[in-house]
Amino acid sequence: MWIALPNIYGPAGGCVVVHNSFNWFLTGVYAPHIRSEKLECWEEVAAVKELCEGPWVTCGDFNTVRTMAERRGCSRTTNVMTDFSKWIDEMELHDPHLCGGNFTWFRGPNHHSAARLDRFLYSVEWEEFFKNIKQMVMPRVTSDHCPILLQCGDWGKQKPYFKFENWWLEIEGFREQLQEWWDEFEVMGCPDYILSMKLKMLKPKIKEWSKRVCGELGTKKNNLLAELADIDLAQDTRNLNEDEMMVRATVLVELEKLAENEEARWRQKSRVLWLKQGDNNTNFFQRMATAHKRYNAIDKLISQEDQEWLHRPFTEAEVLGIFKQCDGDKAPGPDGFTMRFYKECWPTLKEDLMQTIHNFHQNEFFEKSFNATFVALIPKKHGAEELKDFRPISLIGGVYKIIAKLITERLKTVMGTLVDEHQMAFLKGRQIMDATLLANELVDSRVKQNKPGVLCKLDIEKAYDHVNWDFLLKVLKDMGFGDKRVNWIKFCISTVKFSLIINGNPEGFFQSQRGLRQGDPMSPFLFILVMEGLNSMIRKARENGWIRGFCANINMNNAMEVSHLLYADDSLVFCDAEVTQIRHLRAILTIFEGISGLHVNWHKSCLYPVNQVPNMQTLTENLGCQVASLPTKYLGMPLGAKNKELEVWCEVLERSERKLARWKSQYLSLGGRLTLIKSVMDSQPTYMMSLFPLPGNIEKKINKARRAFLWQGNKEKKGYNLVKWDKVILNKKQGGMGIKKLGFAELPKSNGYLIIEANGGLNQQRLSVCSLDIFWSVGLPS
27 MWIALPNIYG PAGGCVVVHN SFNWFLTGVY APHIRSEKLE CWEEVAAVKE
77 LCEGPWVTCG DFNTVRTMAE RRGCSRTTNV MTDFSKWIDE MELHDPHLCG
127 GNFTWFRGPN HHSAARLDRF LYSVEWEEFF KNIKQMVMPR VTSDHCPILL
177 QCGDWGKQKP YFKFENWWLE IEGFREQLQE WWDEFEVMGC PDYILSMKLK
227 MLKPKIKEWS KRVCGELGTK KNNLLAELAD IDLAQDTRNL NEDEMMVRAT
277 VLVELEKLAE NEEARWRQKS RVLWLKQGDN NTNFFQRMAT AHKRYNAIDK
327 LISQEDQEWL HRPFTEAEVL GIFKQCDGDK APGPDGFTMR FYKECWPTLK
377 EDLMQTIHNF HQNEFFEKSF NATFVALIPK KHGAEELKDF RPISLIGGVY
427 KIIAKLITER LKTVMGTLVD EHQMAFLKGR QIMDATLLAN ELVDSRVKQN
477 KPGVLCKLDI EKAYDHVNWD FLLKVLKDMG FGDKRVNWIK FCISTVKFSL
527 IINGNPEGFF QSQRGLRQGD PMSPFLFILV MEGLNSMIRK ARENGWIRGF
577 CANINMNNAM EVSHLLYADD SLVFCDAEVT QIRHLRAILT IFEGISGLHV
627 NWHKSCLYPV NQVPNMQTLT ENLGCQVASL PTKYLGMPLG AKNKELEVWC
677 EVLERSERKL ARWKSQYLSL GGRLTLIKSV MDSQPTYMMS LFPLPGNIEK
727 KINKARRAFL WQGNKEKKGY NLVKWDKVIL NKKQGGMGIK KLGFAELPKS
777 NGYLIIEANG GLNQQRLSVC SLDIFWSVGL PS
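Per the working numbering, the sequence shown starts with residue 27, numbered consecutively.
By construction, these hints were calculated from the structure, which means they are not laboratory data.
Owing to the predicted nature of the structure, the values given are computational and were not obtained by experimental measurement.
We put the beta carbon where it would ideally sit given N, CA and C, even for glycine.
Fair warning: there could be bad hints in the mix.
[Stated by the list, open to error] Distance windows between CB atoms, simulated:
#1 Thr-341 <-> Leu-281: 38 to 46 Å
#2 Met-214 <-> Leu-254: 51 to 59 Å
#3 Gln-177 <-> Glu-342: 47 to 55 Å
#4 Gly-134 <-> Gly-762: 48 to 56 Å
#5 Ile-617 <-> Phe-416: 26 to 34 Å
Go ahead and model the full structure; you've got the sequences and the hints to work with.
Here you go:
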């Protein structure tokens, strides 16, 4: 039943209120301009919120922004911006992404002044009732402010598809019941068909069992709580006797077991894999759950010895090794069974599963239902609306995942001999840090030479989705892979059936004619082999003098020319600022697209001048891409930036503060907050410090955020710092808490790592680059 109130009009506008029985609170804000008055206004809003018990929203003109990106031309973070972000954090409010534009206020004839002054903020309770919460900019007519709309979807009732829940494995008697069911099933046929049908018949058995068990556990929990309440009530008036104390202790043990099961359940649903179970973080898990033609240019061949090793029969030990690698809580595929199910129930499943694997090894096929795949669309950015804004992630079945990982683990052992050193993704001994360090050194050396050059940053459109299977299989054959292994891979990639997950449920099935699945263990390594075609073509062009790359270590005798760096589909090409070289590059990319299916998106690809390049316009017209200027981003790191520029670190600081938002802390124990700080937050500044020394003021701000998040704890209590920060950042052997100390000391560690790994060729080049030029040119902090 919806109710409409009479329209409310005033000189500044009006509103129409239409509502149902859902009770919530709204507070409108028009903040003053002066900082001291702003602080008073925010204190008043905070006081109003304390009076509102339930879902709460505040909106209006706050007359300030949170980050530099929210004001056009802003180059520094002011005290008011810091105050506002701190207030939002302390109020434990959510600031939803703004869709439809970046700003809500404009001024000037050409809108040269623009900022995001208006916004919606909402409480944690609001998020419990709605999904897909976002705020949208509406068309501006007469005012200098844009209207904004808070759009909220609801949690519709859906019939979910079967997903095995790992906490069932902890229920007493489950494994015995599983063995009994499995032995009852009688299926005739080949091994893979038998396994497929047994898993299919197992689902309704488990569904029926889980309904009964969940009901029994819920009743048991309520009975235990009632029994505990009776005992505690008796304790208020008299001392408990020995029997009653024993009963109370037993009840507490039983409740703890039930709590562990509940925590395991919500951990799996939340997909928060960085946080370990067993630290009483059930509330946090629950919040997260409600809340991701030149074929012959390839000249590297696999040896006969390696080929024989790759083709040997799969063993039980290899399968058990796969179980150790796989995260048991990751989302299952169409079969509904997690990897932990296969691992924990191995004694029951072993015989049928191993027969299926041996059958695939010998006959090069398996039951096609194993290759069914759910496709989940994960937003690439906040406020994703169009299909191109989503990344398709494949949820594959457990049996296929085991077979694919068996093939992949063997493939990984020979990849290093087949893939050129200019490709640095996913291979043992090659790190993402190597690519970012070398790219920056190449640009820096070119700048020091004062010689015109260009850097081409390629955007390969939907790279995995467009791979031509015929080209991939031809590459495998040309590299010397035997027919059996090629047929294994061909069967795995060509028999896939996809089903899109829409609003939580799969819809239909369809087949594909090309592409690799994101989520398939084989895909990253197969894609590298496809990119080896491009690598070989550019290398041949350099050897023939058609393209000349950049040189690092120009003052040393071992200077080496580098024409390109490839990290999966993140590609950089370095060459002179000459039209003939650009035309050769365009020809290479056009030919590669024709044979591999990988298309360069020229609207997103950019050409960057290094030093003065007077013919830049001509070069971009010949290549067909956009003109841009350094610095830029490569693999998440600044490329061509000065290490002392504060802008390099502002994004890291903002991201760190978002990850440590105050609202998260109230649902985590101290151990959970400690884990979040160490596993999620520390990675960003440490990655940056592999190239840039951390400025002192940024270090202080990050430490302040880490310290506040660690100790603030429950929102009902004052978060006092229980231990000095100097003690906290010591390792555990020294009596500390193991939080990493930030600072300049991180930079030499990366150089030491590269020195240890250097072993000739391009790796040797990275050794001399990192140990000399970068290390000594950054300068020690004063």
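Here is what the structure says about each hint:
Between Thr-341 and Leu-281 the Cβ separation comes to about 44 Å, which falls inside the hinted range of 38 to 46 Å. The given range of 51 to 59 Å is respected by Met-214 and Leu-254, whose C-beta atoms sit roughly 53 Å from each other. The given range of 47 to 55 Å is respected by Gln-177 and Glu-342, whose C-beta atoms sit roughly 53 Å from each other. For the pair Gly-134 and Gly-762, the supplied restraint of 48 to 56 Å holds, since their beta-carbon distance comes to about 53 Å.
Distance hint for Ile-617 and Phe-416: a CB-CB separation of about 31 Å, consistent with the stated range 26 to 34 Å.
Violation of the numbered hints given earlier is absent; every hint is satisfied by the structure.
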